[in-house]
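Participant: Please build the complex by placing chain B on the supplied structure of chain A, with the hints as guidance.
There are 2 protein chains.
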Amino acid sequence: MSRGRKLKLGLFIQGAGHHVAGWRHPEAHSGSENFDLITQLAQKAEQAKLDMIFLADGLTTSAGSPPSVVARFEPITLLAALSTVTRRIGLAVTASTTYYDPFNLARLIASVDKLSDGRAAWNVVTTSTHEAALNFSAQDHLDHSLRYERAAEFVEVVKGLWDSWEQEPYIVNKETGEYIDKRKVHELNHKGKYFSVKGPLNVSQSPQGHPVIIQAGSSGPGQELAAQIGEVVFTAQQSYEDAQNFYSGLKGLLPKYGRPPEHVHILPGLFPVIGATEKEAREKYEQLQSFIDDSRAYDTLEERFEYDLRGYSLDDPVPDIPESSGRKSRPQLLMKLARDKGLTLRQLFREVAGARGHRIVVGTPIQLADHIQKWFEGYAADGFNIMPPYVPGGFDDFVEGVIPELQNRGLFRTDYEGSTLREHLGLPVPANRHSTVPTS
Amino acid sequence: MSRGRKLKLGLFIQGAGHHVAGWRHPEAHSGSENFDLITQLAQKAEQAKLDMIFLADGLTTSAGSPPSVVARFEPITLLAALSTVTRRIGLAVTASTTYYDPFNLARLIASVDKLSDGRAAWNVVTTSTHEAALNFSAQDHLDHSLRYERAAEFVEVVKGLWDSWEQEPYIVNKETGEYIDKRKVHELNHKGKYFSVKGPLNVSQSPQGHPVIIQAGSSGPGQELAAQIGEVVFTAQQSYEDAQNFYSGLKGLLPKYGRPPEHVHILPGLFPVIGATEKEAREKYEQLQSFIDDSRAYDTLEERFEYDLRGYSLDDPVPDIPESSGRKSRPQLLMKLARDKGLTLRQLFREVAGARGHRIVVGTPIQLADHIQKWFEGYAADGFNIMPPYVPGGFDDFVEGVIPELQNRGLFRTDYEGSTLREHLGLPVPANRHSTVPTS
Chain A
773 MSRGRKLKLG LFIQGAGHHV AGWRHPEAHS GSENFDLITQ LAQKAEQAKL DMIFLADGLT
833 TSAGSPPSVV ARFEPITLLA ALSTVTRRIG LAVTASTTYY DPFNLARLIA SVDKLSDGRA
893 AWNVVTTSTH EAALNFSAQD HLDHSLRYER AAEFVEVVKG LWDSWEQEPY IVNKETGEYI
953 DKRKVHELNH KGKYFSVKGP LNVSQSPQGH PVIIQAGSSG PGQELAAQIG EVVFTAQQSY
1013 EDAQNFYSGL KGLLPKYGRP PEHVHILPGL FPVIGATEKE AREKYEQLQS FIDDSRAYDT
1073 LEERFEYDLR GYSLDDPVPD IPESSGRKSR PQLLMKLARD KGLTLRQLFR EVAGARGHRI
1133 VVGTPIQLAD HIQKWFEGYA ADGFNIMPPY VPGGFDDFVE GVIPELQNRG LFRTDYEGST
1193 LREHLGLPVP ANRHSTVPTS
Chain B
773 MSRGRKLKLG LFIQGAGHHV AGWRHPEAHS GSENFDLITQ LAQKAEQAKL DMIFLADGLT
833 TSAGSPPSVV ARFEPITLLA ALSTVTRRIG LAVTASTTYY DPFNLARLIA SVDKLSDGRA
893 AWNVVTTSTH EAALNFSAQD HLDHSLRYER AAEFVEVVKG LWDSWEQEPY IVNKETGEYI
953 DKRKVHELNH KGKYFSVKGP LNVSQSPQGH PVIIQAGSSG PGQELAAQIG EVVFTAQQSY
1013 EDAQNFYSGL KGLLPKYGRP PEHVHILPGL FPVIGATEKE AREKYEQLQS FIDDSRAYDT
1073 LEERFEYDLR GYSLDDPVPD IPESSGRKSR PQLLMKLARD KGLTLRQLFR EVAGARGHRI
1133 VVGTPIQLAD HIQKWFEGYA ADGFNIMPPY VPGGFDDFVE GVIPELQNRG LFRTDYEGST
1193 LREHLGLPVP ANRHSTVPTS
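Sequences listed follow chains A and B, in order.
Basically this note's numbering = 1-based index in the first sequence + 772.
Basically this note's numbering = 1-based index in the second sequence + 772.
Excised from the complex, chain A in its bound form (with noise of 0.2 Å):
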């Protein structure tokens, strides 16, 4: 069927769960700056198997945001934290282009990089919430089109000073005195529109040689990042259909940029209600959705949207609204959403309080390992973002009872195949543009 393709998975781990009231399940516990729930939950994605795990940012406390990530630990120190009490998993972060300095990102991630022995990924984003500018100095938020020129010039810095050391660049003899072999250190000497950065780098590369890219825009200049950049692309999707137009058009303009099919996983985000029967899966989502306060709709929606929607009620339909300078894809493919189902205000920002505008998926594990395998088959999906409803209930139902079930139709894996992230993900070593010099 799939040629030696491999489904493959990613954790999103978020708070007490990504269902914005999932905190309240009877199940759940408080996931917000708990650092051992976070442990005991990557500790379960790797006994599973799972690619990665994968932490989101936030530079506001939003008022729109789910309560249990108003304060959280920051996600690159988490995760350099997380280096240590896991082994195999991938452990990817997101950090944006528009509030960091090029030179200190570079170092941070790399610096986890090696701290995790090659397990790193980026997720790069540009930050798209005006909130932000006011915690970093600045008036304005740069608009969408400038942030994506921003972005991609930044992450050609990044890359220049990922590949600012060869592989093996020790020579550490106690006789000669030589430390380093200086041939395989270099200068970037990068000088452009936004950035001029000498390196080289202080940070050697790790045995994965670049943590890997992944990128999460949906955009136009979204999706045309995705295709120059991008390792990953972690989308949110509804239908089946618009996944799979999605994702031929995204490989599509892989050749332009000279990369191949299978150089670029698409995973879209997948938020899985699971029972041991339907009925059982359908009142556990209907719970989940009666802890939501519809008292805190207006501010949800202005976050989404960047638009005040207080002027109407919320069991009218929902309204035209004008695109902001913010967030592009996901409005659109909320407001595509609205239009198809007929919601009203109050029915939407149920849809984002639960899964943001990801794919929920309420079933049995049979059902939702049928979802998992007819997107993967169906070029809609390389694998897919699991986004617990709560924690950790939420994902132990996914490990006990999905996990096997894709293995046993032989969809996933039931061991690592490698050390790093770019051997789980079967992505390349990048090329180092330096390197002339044959590794001894």
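Derived from the structure by calculation, the hints contain no laboratory data.
Even for Gly, the Cβ is constructed at its ideal location relative to N, Cα and C.
Take every hint as true, because none was put in to throw you off.
To give an idea of the interface, some chain A residues facing chain B are shown, with a C-beta separation under 8 Å as derived from the structure:
# : residue
1 : 804
2 : 843
3 : 976
Facilitator: Relative to chain A, chain B alone:
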């Protein structure tokens, strides 16, 4: 003698040790990017009940750096990783106010403080080398006085952000749906010369309230900043008399800021070379010095003084070297040392290569303890930041020989009294500027 005043000790972990050629010692291990060795050192320091481990930083791969720190883990991520393999010891990290943004840095350090349950400290530096500017898209490095002006505002913003959250903000009531007590979360709304930051931060407080602030500049503006914000002052002092003068001078500045003397601990660096006999210690030191490669002298001196001395022979006496706008106090200290001892450039380089201007003490464990006791009881120091010449043996000698002697003399603890770094150091939890809500 000391009215309950107790010695404070840090372990300064750097590369393969602090001697430029310490890595060539037969017993030395290579500490570059070697997490297992760093873990071993941190755990040994914790077994010895030291107050903290201390990590420096550098933003370039300078030609004048010891070869074992040309590449290194980024220290904030390293500290986050170390938080999981230690339980009690403080974790201090250096970060630059010139090349970070206050919101990002406040988050990173607060996050390590949360991960470690209140054991983090931030060593505030302004970055002295011009070279760093070239990695950060800056044409010119900020002048010394402007760097300190920016640093003071930067620290004000960071401390303001750390006050965003009062203690115990979580309610997490599944019945009522209340997750956070919003009365305990505050905006900052800082608007200053360098920064505008709205807040709140999106990390809550650790049990110690704020990470401890360390300051390491010993110039005029550096001392002023230390008196204003420093809770630990790391300094280089060569002689007992100079150290006493520095100590009384700095403590004398504290009343101006309404701070009692016991809220600032002055810790000079101490580079110990230890043998069972004085003769053995001296031979060990001579052996270390014999490993120094004089061909690195010009690079090292240029890096220290930001001045090219290639016009002189290494056997010329140290000439007058003009002051740069980079480092201030360390070049002055080294020039004074050169004049006092009538050093040649080669001899000056060899002092710098050994301990970078910090006090070298060569002797038996008893002699080391005598030195420490004299400086401590004579109010030349509140303790020391220990800089082993090579690792792990150079630190093992200190832990196995000197620590028990200090404990026998009643100068140093035999167990931790508390669990946070503030508790180890006898520092109060800072009063939160917003705290009007009684803690539940």
